[in-house]
Amino acid sequence: MTAFCTIPRNFCPGQHLAFLLTHRKCLVCAKMAFIFSIFHFASVQPSATASTPRCNLERIRAAVAPAAAAMMLSAAMLSPAHVSAQDAPLIFDHDQSLSGADFSNRKDLRASIFSKSNCKQANFAGADLTNAQLDDANFIGANFEDATVVNAMATNAKFQNSNLRNADFTNANLVSASFEGADIEGADFSDSLLGKATTLKLCKKATGVNSKTGVPTAESLMCPE
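Start counting the sequence shown at 0; every next residue gets the next number (numbering that gives the first Met the number 0).
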């Protein structure tokens with residue numbers, strides 16, 4: 000059974016760092032302690048009568064306030080307890096690291112933003128990413144099996160060694176996206192934007208039929224017979 004830690008309200012950022020290190024086995028407590036410290040010091044008003052405050056609250060507030068909401072969003076959305084179909088869209092457009100994150104339980108990620116995010120080995124199996132912004136994101140080794148990526152913007156996205164089996168990329172913008180080592184069996188690329196060189200490479204391994212659209216992968220890529 001997980002033991003939760005008591006988090007004092009008067010910690011300085013350095014003390015919170017020590018707390019994270021000494022309580023690293025209690026992941027929930029450590030994460031919430033860090034987030035608590037950010038919101039606490041971002042909102043607290045320094046005392047006008049304090050002679051020598053332990054922390055420079057004004058400086059801390061100015062430094063962390065712009066990022067506080069984004070950090071809370073990242074922590075909450077990556078927790079399985081908070082990954083639900085009612086939370087779309089998500090916004091991760093600040094080069095955030097989502098490596099290994101599990102979005103497989105989120106069936107609705109429509110119009111979500113993952114631009115420039117590191118989603119290496121993330122799990123998007125069965126997710127609906129219709130109209131999502133995936134440009135310049137790192138999806139190396141990610142799982143998109145049965146995912147719907149219709150109308151998505153994925154220019155310069157990295158799909159190397161990813162699982163794209165039975166994924167639907169209909170009308171997606173995949174210009175300059177890379178697919179080396181990706182499994183595209185049953186993937187549907189109908190009307191998607193792909194460079195000629197990339198299309199020829201994909202045609203060499205295009206097999207299967209998409210179970211949702213009924214379109215063969217080779218046909219969706221207009222591969223020469």
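Simulated from the structure, these hints should not be mistaken for laboratory data.
Any given hint could be a false lead.
Result set (SDA-like, lysine to any residue): computed pairs, CA atoms no more than 20 angstroms apart in a straight line [said to hold, decoys possible]:
hint : residue 1 : residue 2
1    : K200      : N172
2    : K211      : I90
3    : K119      : N170
4    : K195      : T154
5    : K200      : K211
6    : K211      : K195
7    : K195      : G213
8    : K119      : D135
Small disclaimer: the values here were computed from a predicted structure and weren't measured.
Results for each hint:
For the proposed pair K200 and N172, the alpha carbon gap of about 17 angstroms is at most 20 angstroms, so the pair holds. Simply put, K211 and I90 have alpha-carbon atoms about 27 angstroms apart, too far for the 20 angstroms limit, and the pair is violated. In summary, the hint linking K119 to N170 is not supported, as the alpha carbons are separated by about 24 angstroms, beyond the 20 angstroms threshold. The hinted pair formed by K195 and T154 meets the criterion: a straight-line CA distance of about 14 angstroms does not exceed 20 angstroms.
Proximity of K200 to K211 is assessed by CA-CA distance (about 24 angstroms); at most 20 angstroms being required, the pair is judged violated. Taken as a hint, the K211 and K195 pair is broken in the structure, with Cα atoms around 26 angstroms apart against an allowance of 20 angstroms. Among the hinted pairs, K195 with G213 is inconsistent with the structure: their alpha-carbon atoms are about 24 angstroms apart, more than 20 angstroms. Note on K119 and D135: the hinted pairing holds, with a Cα-Cα distance of about 12 angstroms set against a maximum of 20 angstroms.
Violated hints, listed in ascending order, are 2, 3, 5, 6 and 7; each of the other numbered hints is respected by the structure.
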